[in-house]
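Note that the protein sequences, when read in sequence, are chains A and B. The first sequence begins at 1 in the working numbering and counts up by one. The second sequence begins at 1 in the working numbering and counts up by one.
Warning: the hint list may mix true and false statements.
Said to hold, decoys possible - Pairs of lysine-lysine, PhoX-like flavour, derived with a Cα cap of 25 Å: (1) B/Lys-255 with A/Lys-67; (2) B/Lys-57 with B/Lys-81; (3) A/Lys-23 with A/Lys-63; (4) B/Lys-140 with B/Lys-114; (5) A/Lys-75 with B/Lys-333; (6) A/Lys-4 with A/Lys-23; (7) B/Lys-61 with B/Lys-114; (8) B/Lys-249 with A/Lys-67; (9) B/Lys-474 with A/Lys-38; (10) B/Lys-484 with B/Lys-474; (11) A/Lys-75 with B/Lys-484; (12) B/Lys-92 with B/Lys-252; (13) A/Lys-63 with A/Lys-75; (14) A/Lys-75 with B/Lys-184; (15) B/Lys-450 with B/Lys-271; (16) B/Lys-484 with A/Lys-38; (17) B/Lys-221 with B/Lys-359; (18) B/Lys-271 with B/Lys-406; (19) B/Lys-333 with B/Lys-81; (20) B/Lys-511 with A/Lys-67; (21) B/Lys-221 with B/Lys-333; (22) B/Lys-184 with B/Lys-81; (23) B/Lys-140 with B/Lys-92; (24) B/Lys-479 with B/Lys-252; (25) A/Lys-4 with A/Lys-38; (26) B/Lys-359 with B/Lys-2; (27) B/Lys-249 with B/Lys-333; (28) A/Lys-67 with B/Lys-252; (29) A/Lys-67 with B/Lys-484; (30) B/Lys-379 with B/Lys-474; (31) B/Lys-333 with B/Lys-239; (32) B/Lys-511 with B/Lys-484; (33) B/Lys-114 with B/Lys-57; (34) B/Lys-161 with B/Lys-114; (35) A/Lys-63 with B/Lys-484; (36) A/Lys-38 with B/Lys-511; (37) B/Lys-81 with B/Lys-239; (38) A/Lys-67 with B/Lys-359; (39) B/Lys-2 with A/Lys-67; (40) A/Lys-38 with B/Lys-479.
What the hints contain is simulated information worked out from the structure, not anything from laboratory work.
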Amino acid sequence: MEIKQTALAGTLESSDIQIMLSKGTDGVSIELESDVEKQFGDQIRLVITETLHQFELDNVKVKAIDKGALDCVIKARTIAAAQRALQTQDQPAWEVF
Amino acid sequence: MKNNVDRELPEDLMSSLNYQPYETTEIGNPEIQRVAPVVRAQTGDDKLVDSIEDVVKATVKDGMTISFHHHFRNGDFVFNKVMRVIIDAGIKDLTLAPSSLTGVMNDMVVEAIKAGTVTNITSSGMRGSLGDFVSHGNLKNPVIFRSHGNRARAIEHGDIKIDVAFLGVPNADKLGNANGMEGKAVFGSLGYALMDAQYANKVVLLTDNLMPYPNTPASIKQTQVDYVVEVDQVGDPEKIGSGATRFTKDPKELKIAETVNNVITHSPYFKDGFSFQTGSGGAALAVTRYLRQSMLDNQIKASFALGGITKPTTDMLKEGLIDRVMDVQDFDKGAADSMHTDPRQQEIDASWYADPDNKGAMVDQLDVVILSALEIDTKFNVNVMTGSDGVIRGAIGGHQDAATAKLTIISAPLVRGRIATVVPDVTTVVTPGDSIDVLVTEYGIAINPKRTDLIDALGHIAGVPVFTIEELQKLAASKVGNAKPLEFTDRTVAMIEYRDGTIIDAVKEVKD
Numbered sequence: 001m002e003i004k005q006t007a008l009a010g011t012l013e014s015s016d017i018q019i020m021l022s023k024g025t026d027g028v029s030i031e032l033e034s035d036v037e038k039q040f041g042d043q044i045r046l047v048i049t050e051t052l053h054q055f056e057l058d059n060v061k062v063k064a065i066d067k068g069a070l071d072c073v074i075k076a077r078t079i080a081a082a083q084r085a086l087q088t089q090d091q092p093a094w095e096v097f
Numbered sequence: 001m002k003n004n005v006d007r008e009l010p011e012d013l014m015s016s017l018n019y020q021p022y023e024t025t026e027i028g029n030p031e032i033q034r035v036a037p038v039v040r041a042q043t044g045d046d047k048l049v050d051s052i053e054d055v056v057k058a059t060v061k062d063g064m065t066i067s068f069h070h071h072f073r074n075g076d077f078v079f080n081k082v083m084r085v086i087i088d089a090g091i092k093d094l095t096l097a098p099s100s101l102t103g104v105m106n107d108m109v110v111e112a113i114k115a116g117t118v119t120n121i122t123s124s125g126m127r128g129s130l131g132d133f134v135s136h137g138n139l140k141n142p143v144i145f146r147s148h149g150n151r152a153r154a155i156e157h158g159d160i161k162i163d164v165a166f167l168g169v170p171n172a173d174k175l176g177n178a179n180g181m182e183g184k185a186v187f188g189s190l191g192y193a194l195m196d197a198q199y200a201n202k203v204v205l206l207t208d209n210l211m212p213y214p215n216t217p218a219s220i221k222q223t224q225v226d227y228v229v230e231v232d233q234v235g236d237p238e239k240i241g242s243g244a245t246r247f248t249k250d251p252k253e254l255k256i257a258e259t260v261n262n263v264i265t266h267s268p269y270f271k272d273g274f275s276f277q278t279g280s281g282g283a284a285l286a287v288t289r290y291l292r293q294s295m296l297d298n299q300i301k302a303s304f305a306l307g308g309i310t311k312p313t314t315d316m317l318k319e320g321l322i323d324r325v326m327d328v329q330d331f332d333k334g335a336a337d338s339m340h341t342d343p344r345q346q347e348i349d350a351s352w353y354a355d356p357d358n359k360g361a362m363v364d365q366l367d368v369v370i371l372s373a374l375e376i377d378t379k380f381n382v383n384v385m386t387g388s389d390g391v392i393r394g395a396i397g398g399h400q401d402a403a404t405a406k407l408t409i410i411s412a413p414l415v416r417g418r419i420a421t422v423v424p425d426v427t428t429v430v431t432p433g434d435s436i437d438v439l440v441t442e443y444g445i446a447i448n449p450k451r452t453d454l455i456d457a458l459g460h461i462a463g464v465p466v467f468t469i470e471e472l473q474k475l476a477a478s479k480v481g482n483a484k485p486l487e488f489t490d491r492t493v494a495m496i497e498y499r500d501g502t503i504i505d506a507v508k509e510v511k512d
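All chains, please: the whole structure from these sequences, using the hints.
Here it is, written out as structure tokens:
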């Protein structure tokens with residue numbers, strides 16, 4: 001699937017993550033900023049990538065600013081950003097949850 | 001080489017610095033020969049010096065050990081003024097031995113290291129850009145971290161031999177009689193600086209408030225002081241303390257504080273004449289509030305409160321709920337003012353407070369202490385020095401010292417953001433699990449299995465679930481996931497002394 005518009009979900013509050021998706025050309029590329037990069041960077045990237053794959057988004061640029069979010073939060077923010085980017089937010093993708 | 005908390009210690013440094021590995025929290029009864037400073041006799045008529053430049057020129061030479069106190073905390077102007085002059089004078093190879101380093105000093109210390117002015121540091125702690133700088137291997141020699149009580153011990157032993165102490169004070173007369181209570185930038189107790197005043201070969205006072213002679217009450221005495229320098233401002237009163245004390249509204253902190261209070265009041269130590277120490281910070285202040293109510297309800301009074309003092313503690317002194325406050329430093333203006341007006345609030349030096357090699361320190365008489373933790377592991381070992389990324393960002397303070405109390409409570413949230421506080425192994429052991437008795441989190445408590453006597457007293461408090469510490473560690477991991485282990489190089493950037501001067505752990509350079 002192709003991204004229709006650049007989209008954002010999440011805040012910069014503690015324990016949240018802000019995810020911005022925009023059109024990409026070369027697979028899923030993630031620019032991650034996180035205080036827990038050393039310990040959880042790989043895990044955060046994995047959750048974002050897996051969630052995007054469920055939307056069949058294969059070419060997408062991700063900018064993620066993490067403030068110590070748990071996996072469930074990262075997944076929720078990625079889903080919200082993806083649906084906004086695909087302009088399908090009126091039809092929740094239940095199968096992804 | 002491993003010590004008794006199972007930490008691998010760097011053999012080369014252990015031998016070149018002549019260190020023994022940590023063995024036990026028991027100090028025993030060693031006999032100690034203390035050192036004494038070199039005194040240059042004078043009548044005292046010529047102590048006033050016009051400028052910092054002149055006094056630095058007269059006192060500081062390459063390779064010396066210089067010291068400062070950190071009672072001005074982030075409002076300190078003295079450290080940067082003096083270090084500026086020392087760096088500009090081209091002096092090299094100094095050992096910096098302050099009671100601690102606060103954020104406002106960071107940039108200057110980094111500059112001094114880069115210039116070769118400072119090549120060794122011993123401190124209670126460091127944070128921010130300086131901690132980052134050191135953790136990335138930018139200081140050639142390892143930093144030696146010591147608790148406040150251990151610094152006093154090291155000075156008395158001669159492990160730290162201070163050549164020149166630069167001590168900022170809010171008032172002094174021309175011979176050097178000074179205290180921390182009057183003037184513009186007041187901080188109350190001079191507790192940590194009193195060691196330097198007593199043991200440094202040269203003592204330089206810096207003040208912005210020259211008083212008529214003789215100035216009393218004199219915490220630092222003219223018999224100890226070599227030079228007095230008048231400067232325009234010693235500190236920013238707004239940044240010395242936390243100002244008006246605010247109580248936390250964070251429900252997690254309140255829950256922890258309430259549980260800490262439950263643990264105290266159900267312990268055998270909660271009886272008339274008990275003693276306690278709390279720190280600063282939201283949860284500790286909230287504990288004081290709950291404890292006050294419990295003391296009123298049960299008509300129990302404390303014989304003394306100890307350590308770093310805050311206004312809620314001095315309010316209890318005024319109320320008659322505490323009989324004496326033994327004050328090594330004041331965290332806010334309310335506490336500092338109270339020391340000035342209330343003779344029951346006694347200024348104590350770091351040795352009296354917490355020195356293990358003493359004829360009796362206050363911490364040895366302490367019943368209950370509440371301490372914090374960046375991490376605590378399943379052996380109850382506590383880390384207050386390195387952050388979750390392995391970088392130095394903390395201070396021992398009085399942690400190891402006060403943990404000798406009869407009931408040592410660690411209050412900490414189970415997780416902070418995505419970082420678990422309760423872990424299988426702490427990154428850096430600062431305080432050994434042997435001196436920790438109870439961990440309080442927002443989910444419940446864990447009692448050190450060595451304290452079988454406490455399990456009966458604390459095992460059945462309504463609303464306070466009891467876990468093993470392994471259960472709490474697993475609960476934390478189930479929330480945040482498994483963290484990838486931190487990576488370090490082989491290079492040692494800091495050695496952590498236990499309060500008896502043995503080595504409890506080493507901090508390695510972080511790999512980025």
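Results of checking the hints against the structure:
| no. | hint | result |
| --- | --- | --- |
| 1 | B/Lys-255 with A/Lys-67 | holds, 24 Å |
| 2 | B/Lys-57 with B/Lys-81 | holds, 14 Å |
| 3 | A/Lys-23 with A/Lys-63 | holds, 11 Å |
| 4 | B/Lys-140 with B/Lys-114 | holds, 10 Å |
| 5 | A/Lys-75 with B/Lys-333 | violated, 47 Å |
| 6 | A/Lys-4 with A/Lys-23 | holds, 8 Å |
| 7 | B/Lys-61 with B/Lys-114 | holds, 18 Å |
| 8 | B/Lys-249 with A/Lys-67 | holds, 21 Å |
| 9 | B/Lys-474 with A/Lys-38 | holds, 21 Å |
| 10 | B/Lys-484 with B/Lys-474 | holds, 16 Å |
| 11 | A/Lys-75 with B/Lys-484 | holds, 20 Å |
| 12 | B/Lys-92 with B/Lys-252 | violated, 49 Å |
| 13 | A/Lys-63 with A/Lys-75 | holds, 14 Å |
| 14 | A/Lys-75 with B/Lys-184 | violated, 54 Å |
| 15 | B/Lys-450 with B/Lys-271 | holds, 23 Å |
| 16 | B/Lys-484 with A/Lys-38 | holds, 7 Å |
| 17 | B/Lys-221 with B/Lys-359 | holds, 23 Å |
| 18 | B/Lys-271 with B/Lys-406 | holds, 13 Å |
| 19 | B/Lys-333 with B/Lys-81 | holds, 24 Å |
| 20 | B/Lys-511 with A/Lys-67 | holds, 22 Å |
| 21 | B/Lys-221 with B/Lys-333 | holds, 24 Å |
| 22 | B/Lys-184 with B/Lys-81 | holds, 18 Å |
| 23 | B/Lys-140 with B/Lys-92 | holds, 14 Å |
| 24 | B/Lys-479 with B/Lys-252 | holds, 16 Å |
| 25 | A/Lys-4 with A/Lys-38 | violated, 33 Å |
| 26 | B/Lys-359 with B/Lys-2 | violated, 31 Å |
| 27 | B/Lys-249 with B/Lys-333 | holds, 22 Å |
| 28 | A/Lys-67 with B/Lys-252 | holds, 19 Å |
| 29 | A/Lys-67 with B/Lys-484 | holds, 17 Å |
| 30 | B/Lys-379 with B/Lys-474 | holds, 14 Å |
| 31 | B/Lys-333 with B/Lys-239 | holds, 10 Å |
| 32 | B/Lys-511 with B/Lys-484 | holds, 13 Å |
| 33 | B/Lys-114 with B/Lys-57 | holds, 21 Å |
| 34 | B/Lys-161 with B/Lys-114 | holds, 24 Å |
| 35 | A/Lys-63 with B/Lys-484 | holds, 22 Å |
| 36 | A/Lys-38 with B/Lys-511 | holds, 10 Å |
| 37 | B/Lys-81 with B/Lys-239 | holds, 17 Å |
| 38 | A/Lys-67 with B/Lys-359 | violated, 49 Å |
| 39 | B/Lys-2 with A/Lys-67 | violated, 37 Å |
| 40 | A/Lys-38 with B/Lys-479 | holds, 18 Å |
Checked against the numbered hints above, the structure breaks hints 5, 12, 14, 25, 26, 38, 39 and satisfies the rest.
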